[in-house]
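One line per chain: the protein sequences are V and F, in this order. Numbering follows the working numbering, in which position 139 of the first sequence is assigned residue number 139; successive positions increment by one, without gaps. Numbering follows the working numbering, in which position 171 of the second sequence is assigned residue number 171; successive positions increment by one, without gaps.
Calculated directly from the structure, the hints in this document are not laboratory data. For each residue, glycine too, the CB sits at the ideal point set by N, CA and C. Take these hints with a grain of salt, some might be off.
[What the hints assert, rightly or not] Stretch by stretch, here's where chain F covers chain V in the computed footprint (C-beta under 8 Å, at least three residues): (1) 53-65; (2) 187-194; (3) 217-225.
[What the hints assert, rightly or not] Which chain V residues face chain F? A few, computed with CB under 10 Å, are given here: (4) H37; (5) G38; (6) S129; (7) V170; (8) Y203; (9) S207; (10) A208; (11) A232.
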Amino acid sequence: MRTSILAGIAAGTLLAAGTAAPALAVDDGMADLSVLHGVPDLTVDVYVDGELTLDDFAPGDLAGPLSLAPGTYSVAITASDAADDSEPVLGPIDLPLEEGMSYTAVAHLDEGGDATATLFTNDISATASGEGRLTVRHVAAAPAVDVWADGDVVFESLANPDEVMADLPVNTYSAAVSVAGEEDPVLGPTDVAIEEAVNTIVYAWGSAEDGTLAVAAQTVATHSDMPGAVAAGTQGLAADDPGVPAAAIVIAVVALAGAGLATRAVLARR
Amino acid sequence: MLSIRCAVATVLIAAAIAACTPAGAQVEPALHRSPSDVVLEAAAPTPASAGAEPGAPPRSPALGTIPVRSADAAALAPAPHPERLRIPRLGIDMTVQGVGIDAGGAMELPASAEVAGWFRAAGNPGGGPRAGRNAVIAAHVDDAVVGLGPFARLREARPGDAVRVRLDTGRVVVYRVAAIEQTDKREVDLAAAFAGPDGALVLVTCGGRWDADVRHYEDNVLVWAYPEGTAR
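Same shape as in the complex, but just chain V (with noise of 0.2 Å):
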């Protein structure tokens, strides 16, 4: 009887094995695209390759994500009256994009407080189990900061237009950003949510000299392994054809037990 017992617990474990192929976040033989504006205090419209795209997109707005082919793209930012894209504030760039990524776009102030825009690569990378990512990203007219977590800092000396990032446990942080070495917070703090299998990206974004540094969030789900098997049974007493179900193998150990026949194991087991 404990060897059936012990062998069932391997056979159990190898019906377990592996975990099935990852569920992939982004759409087969496609790029994904998001597009952040983080330049205050102007309203715009969005040309790619030379339509309009977005009109009058608006400061903290965040738009897609986009399926798109991979291929390279040109983004034009004109006024939001602009006829077209003939004169741009900001722009064209070309945003390379290859199959299977997942991207931000982000027009923001460089540290000096110019326009600028910068494509971030997202990390979609299936996370551990239980885990979830953080991404801070500076895209503000500010010099470096310090990023707190529940009352540490977890990242020092974060420039624009830097980027960190860490795999957490799921779970919700207090988080705040400082200017670099000191300990009042410019901004926050904020809960953050950590979820499995999801990078959660903030960015600090604004002004610091204009007094309109501001926190903006998007959320993309990473790769995620699947499980191998759903094993959820353990005793046979559903079984279409019960055979010995574990039931008649717990009495027939009590009656083995009772013939002096069973281990002190097995009994603890009981």
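With chain V's structure known, arrange chain F on it following the hints.
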């Protein structure tokens, strides 16, 4: 004979565990620091085709309507999660917990057959970045404490049965059963259930013959339900 089988079992367990440890598994949160990938200067206007790759396949933006929303800090709030599952016609009413993958690569399940597990890394009936992907809720068909669990009745589901998922915000998402499937575990297409893009809610448990030697059921029972109001 007994000792040989035990030794084989031990080796197999060790091999299975070794084979199942994800290569990228991280014990400590990894800290990466990298400059942004590409910094795009606000350049003077150039011909739009300047960056096009030679030989790149023709493509059109064909963007259609683009979702635009405020990216303010409200986006930091987690999407609502399932917390209760009801199938009124079958008398099923269960607490739902979020689960992941166990060390052997199988779906984690609450120990009690009276509690269902929602697989966090697939779709979420409450929305979030995987809104519209298939969601999976599974439970043991039986356990040693309660005997048969509520999911033992899944096999009696019929097309059209209402499946009600209550979220932790109190909102209820209603699905309608479309199909009931019982498939050998060696053949069941779990990828279709867990990674499908159809917004289905797939309820999973075990059934079929009980193999007492290896203490598992030979089949998986899957109930496929779709959001109410979507034609199937």
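Hints versus structure:
1. 53-65: This one holds; 8 residues, not fewer than the three required, reach chain F with a Cβ under 8 Å.
2. 187-194: holds (count 4)
3. 217-225: The restraint on the segment 217-225 of chain V holds, since 7 of its residues have a Cβ under 8 Å from chain F and three suffice.
4. H37: Check passed: Cβ of H37/V comes within 8 Å of chain F, closer than 10 Å.
5. G38: G38/V check passes; min Cβ-Cβ to chain F is 9 Å, inside 10 Å.
6. S129: Cβ of S129/V sits 4 Å from chain F, so the hint holds.
7. V170: holds (8 Å)
8. Y203: holds (7 Å)
9. S207: violated (16 Å)
10. A208: With a minimum Cβ separation of about 18 Å from chain F (threshold 10 Å), the hint on A208/V is violated.
11. A232: holds (4 Å)
Hints 9 and 10, counting from the list given before, are not met by this structure.
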